[in-house]
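Peer 1: Each chain, written out:
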Amino acid sequence: MKRVFITGVGVVSSIGLGRRAFFDALARGQSGITPVESFDAAPLGREFAGEIKDFKVEDHLTAAEARRSGRCSAMSLAAMRMAVADAGIAPEKLRGPRTSVVLGTTMGEADVIANLDHAWIAGGHGAVRRTLLPKYGSTLLPIHLARAIGAQGMVLTMPAACAAGNYAIGFGVDLIRSGRADVVIAGAAEMLQQLQFSGFVRLGAVSPHRCQPFDLNRQGLIVGEGAGLLILESEAHAVKRNAAVQAEVGGYGLTCDGYHITRPHPEAAGSVGAMRRALEHSGIGPEMVDFVNAHGTGTRANDLAEAKVMSDVFGGRRVPISSMKSMIGHCMGAASALEAVACVMTLETGIYPPTIGYETPDPQCDVDVVANTARKGKADVVLNNSLAFGGYNAVACFARPGVLPDPAQVKRRAA
Amino acid sequence: MTPHIITGLGVCSAIGTGREAFFRALENPTLLRNAPRRKVESFDASQYDDAAIAEVPDFDPAKYLGDKGLRTLDRLTKLLVVATRLGATDAGLKKDNLYVPPATPDGVGVVCSNAYGSLEAITELDRVAKLEDARYINPAKFPNTVANSASGYASIWEEMRALNVAVSDGNCGALDAIACADVHLANGRADAILVGGAEAASEALYLAFHRLGMLEAGAFLGEGAVMLAMERADFATKRGAKRLAEIVGFGTAFDAPENETQMIFASTDAMKRAIAAALEDASMRAGEVDVVASGVSGLKPFDMAELGAICDVLGEDVCVAAPKALVGETLGAGGAMALACAVGWLGGITPSAVQSGSAPDRVRTALVTSMGYYGNASAVLLRV
Chain A
5 MKRVFITGVG VVSSIGLGRR AFFDALARGQ SGITPVESFD AAPLGREFAG
55 EIKDFKVEDH LTAAEARRSG RCSAMSLAAM RMAVADAGIA PEKLRGPRTS
105 VVLGTTMGEA DVIANLDHAW IAGGHGAVRR TLLPKYGSTL LPIHLARAIG
155 AQGMVLTMPA ACAAGNYAIG FGVDLIRSGR ADVVIAGAAE MLQQLQFSGF
205 VRLGAVSPHR CQPFDLNRQG LIVGEGAGLL ILESEAHAVK RNAAVQAEVG
255 GYGLTCDGYH ITRPHPEAAG SVGAMRRALE HSGIGPEMVD FVNAHGTGTR
305 ANDLAEAKVM SDVFGGRRVP ISSMKSMIGH CMGAASALEA VACVMTLETG
355 IYPPTIGYET PDPQCDVDVV ANTARKGKAD VVLNNSLAFG GYNAVACFAR
405 PGVLPDPAQV KRRAA
Chain B
50 MTPHIITGLG VCSAIGTGRE AFFRALENPT LLRNAPRRKV ESFDASQYDD
100 AAIAEVPDFD PAKYLGDKGL RTLDRLTKLL VVATRLGATD AGLKKDNLYV
150 PPATPDGVGV VCSNAYGSLE AITELDRVAK LEDARYINPA KFPNTVANSA
200 SGYASIWEEM RALNVAVSDG NCGALDAIAC ADVHLANGRA DAILVGGAEA
250 ASEALYLAFH RLGMLEAGAF LGEGAVMLAM ERADFATKRG AKRLAEIVGF
300 GTAFDAPENE TQMIFASTDA MKRAIAAALE DASMRAGEVD VVASGVSGLK
350 PFDMAELGAI CDVLGEDVCV AAPKALVGET LGAGGAMALA CAVGWLGGIT
400 PSAVQSGSAP DRVRTALVTS MGYYGNASAV LLRV
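Those protein sequences? They're chains A and B, same order as listed. The opening residue of the first sequence carries number 5 in my numbering; numbering runs sequentially from there. The opening residue of the second sequence carries number 50 in my numbering; numbering runs sequentially from there.
Okay, chain B solo, but in the shape it has when bound:
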């Protein structure tokens, strides 16, 4: 991969909104001890015992976007648009929501991962159709049911017209989004791309994890959006942008379970191949990786497969962090949360959620890993 530059970070998460707030929270051990699961605010959770989600607390999109035009947007869209604006502003592509030359609306694009779309919108309209009549569903809310809706709104709100690509690959989506952004930048289809992922808390999502017993197993759901400003190196240089990190490698792999009836599957082999492919893509050796920002979430079979693969490829001593211990299982946004963690680490922010190993004093390279629920795995390499 031709290296691309990360010049900005837009974050809406349970532990902080904005790059600096997120970084401060990452290194705060008190937050880790009191993981930010709290009483659910985004839906009525009274039917569930002790329901707790790492929601973005007191999320107030109007603070960032103004209060016009928000009424029909769903939570997913609002999280994503805020993260996109924060990322573009942090990168200096925009100031006071106006483009700063040489950045232009036609030169900036969006690539966004999301795993489950707006379940909030789908279930709301299904309820109206079932309990009342399909003729009464609100046409203004129908667009939210379409999976690329939030991503499309990011282009509308932020005037990012070079391209807009929505991707979905479960927990791996935000890392796969990096591969998409890479080819578009490498082909000159955009100067800069806001790339990352978003996922919103909803009762349907909570119910699914609850029914599958995934929450009792130790994981907790989160939500949020992270959008990184990723640029061609020549464009970042031309506009004198700050350089937070370089993206240098990507790898992904899929491995099917042998059992024909099995659906959910944690594959060590896929993770190993994804990491090896990322190293090869970056022309790096395993020994050059200083730290890993993993997708470890508390789901034992997946954590064991992921950590096993990391140790197999990089050695037992490598330092592995689990940002999901702070932000929760954020699914389509999960890889982007880990990317943000890795960017911080490369900038001297040591996350409190270290699973194993100890990081060198100066972190120069970071691997980010994500495991999907169906045998898929992806990895991205960053360096200072």
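Just chain A, with the same shape it has in the complex:
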């Protein structure tokens, strides 16, 4: 079993491109939630989203890449290039079979399928463009990235809904620990798209103006978009190239509620199990955790379940928790990858990003919310919660290098 380090991160978000702009905005409590411009949302009665307004494909992709890619892949490619630069590794060093790419998403190239469908609906099957067809498929996201960087190992998409980022990062760790890769480019991406937006509105899950996780008067989620990419490296690989290590990924815990396709289990048994497994897999107890980056969607059911997880796992200890979704909305498949990037930055800076719009505590969510302004605190170990659609629960553990026990000494859980 090998240690796995994070040596680079890249971000495309509604509050900034690149790690510094992104985290500075988070720390300031800046909101990226604005009226939707990419489609007419008004008839749905919900007009706000964490839409990215200043991402220009041509700034990040070659002309050939731009022709091949949908928006979701384009954001992933941009975030990957930022992460590689941040890792201080020459891209050619990532060429070859020891580099893999694992990406999470919910809908993948949603703009491509929408364009195909709309052409088909308007003009019949003859109107469907042959050149557009090969651009559809969530499979393509890691393919585009592997192609751009010359990676020749595993290329895998993990469509794990709103927990997809943690799934991809966790599996990336598994690939390195099991010796199948030295470097894994892991993360997730999601684009804002009309069908998905409408679906969440029709489910009654979308708040009219803002997202207020854990607040008594919370009215639901705000849809967002973005991409978060991380460079995961085996300890040996990172040491050999003298890499600046940003964080260690400890372990992660997965469970499935097996309860309801959209609602979390009211007793939160699955999500409690996921957090406990993440700690166990990392070889630490709950007393080691300094901060939890919440799933915190701002829906009544999610926040109640998450508060229950906190009290079940940490008992009377009130571990600070905060939800970035109050600022960038729920970026679906990309959410936990963006949150993972923020976790890395929290470990580096000791800054817990705030939950903005937190006004009235909900007595049923008795948690220590980092309310409205960032808080400075100890940041040796942080957890990243994701409790997703389909009952998918994934919790990942990130730590300052040197804090966690050697994974080789961590006893495997007897299932």
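Note that these hints are calculated values from the structure, not bench results. Every residue gets a Cβ at the ideal spot worked out from N, C-alpha and C, and that includes glycine. A portion of the hints provided could be inaccurate.
[Stated by the list, open to error] Here's a subset of chain B near chain A, in silico, CB distances under 10 Å, partners left out: (1) Pro154; (2) Pro188; (3) Asn193; (4) Ser198; (5) Asp218; (6) Gly262; (7) Glu309; (8) Ala326; (9) Tyr423.
Starting from the structure of chain A, add chain B where the hints point.
Peer 2: Only chain B this time, still in chain A's reference frame:
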């Protein structure tokens, strides 16, 4: 890889539902001569000349799942849930849909490949939004548009709570799912995992292949789901499970085309590297492989690249089967169909769809290969 045991097989395919029906069909040469392409039932195909798909015939999920709660599930989900239940039952993890100790809901997980999600659901809701109004889309059907929906329903219906992982890597996904299940079992995150893949026929999928000219080239689309019960060896021993096969090696590789504008790409090199990596993972030599259950589908450039790689690594004489000649191009489920074929072969079921070479009398090791459409390839090794 630490070997894991295959103890059960759940199959919904064009040639049969259930392990025994599938095995009988695999070895039936009449079926191969009259490949089970038939008039399309799952959508109105009257706009297409001679549209034919290897659909699961007269698919009746209520027969396996009862008739409650099926109304809002899409075809993909129903195929997958039926295959999952059949696999768990075949393995003896469940009986009459109840867990048989020591198997428990918290000890059993799901890892499922799917290439294109529920295009049926996405296109239906897009139609409502475009032709009527987005305010009228059915919220009960919206969850089906999310790519992990079918996999999530498998956990709900079958109470498999240890973990649930959805993967997507086109035709290679079901073999990559084996690699995922391997790490979860090896790390003790589950006792047993139902692993495989599912893909459903839909007009959108047919239209895409039709427009790309892939059907005229000789391939035909199929659908179905295969879920294998894969267990840690100690757990299979503890509960006295039957052993259908062992999974002993996995390899995968990606190779990008040099032409910047090219998207679809068949890579012999990726396939060769995937096979070599699977052999190394299993600590086996090429000469030890008795047979290959390939992903050969009738698409010439891909078939040539795959067969070329197999011959390069394993030699010209190795016996290669093409189960897709029977079940069609089943995409995200394709690798799982080939895994099921390999499990049968190891159990003495000789498939009729042999492309080349002849199998030894007693098949002890089988390689399963899959080629993706974008330069990706994966391979899995099994033995008795």
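Peer 1: Indicate, hint by hint, whether the structure satisfies it.
Peer 2: Do the hints match the structure? See the list:
1. At its closest, the beta carbon of proline 154 of chain B sits 7 Å from a beta carbon of chain A; the interface hint therefore holds under the 10 Å criterion.
2. Using the Cβ-Cβ criterion of 10 Å, the hint placing proline 188 of chain B at the interface with chain A is satisfied: the shortest such distance is roughly 4 Å.
3. Nearest Cβ of chain A to the Cβ of asparagine 193 of chain B: about 9 Å, under the 10 Å cut. The hint holds.
4. Against a cut-off of 10 Å between C-beta atoms, the interface hint on serine 198 of chain B holds, since the closest Cβ of chain A lies about 6 Å away.
5. Look at aspartate 218 of chain B: its Cβ gets to within about 5 Å of chain A, closer than 10 Å, so that hint holds up.
6. Evaluation of the glycine 262 of chain B hint against chain A yields a held restraint, the C-beta minimum of about 8 Å falling below 10 Å.
7. Hint status for glutamate 309 of chain B relative to chain A: holds, with the closest Cβ pair at about 4 Å, below 10 Å.
8. Hint on alanine 326 of chain B holds. Least Cβ distance to chain A is approximately 8 Å, under the 10 Å limit.
9. Given hint, tyrosine 423 of chain B at the interface with chain A, holds; its Cβ is 5 Å from that chain's nearest Cβ, closer than 10 Å.
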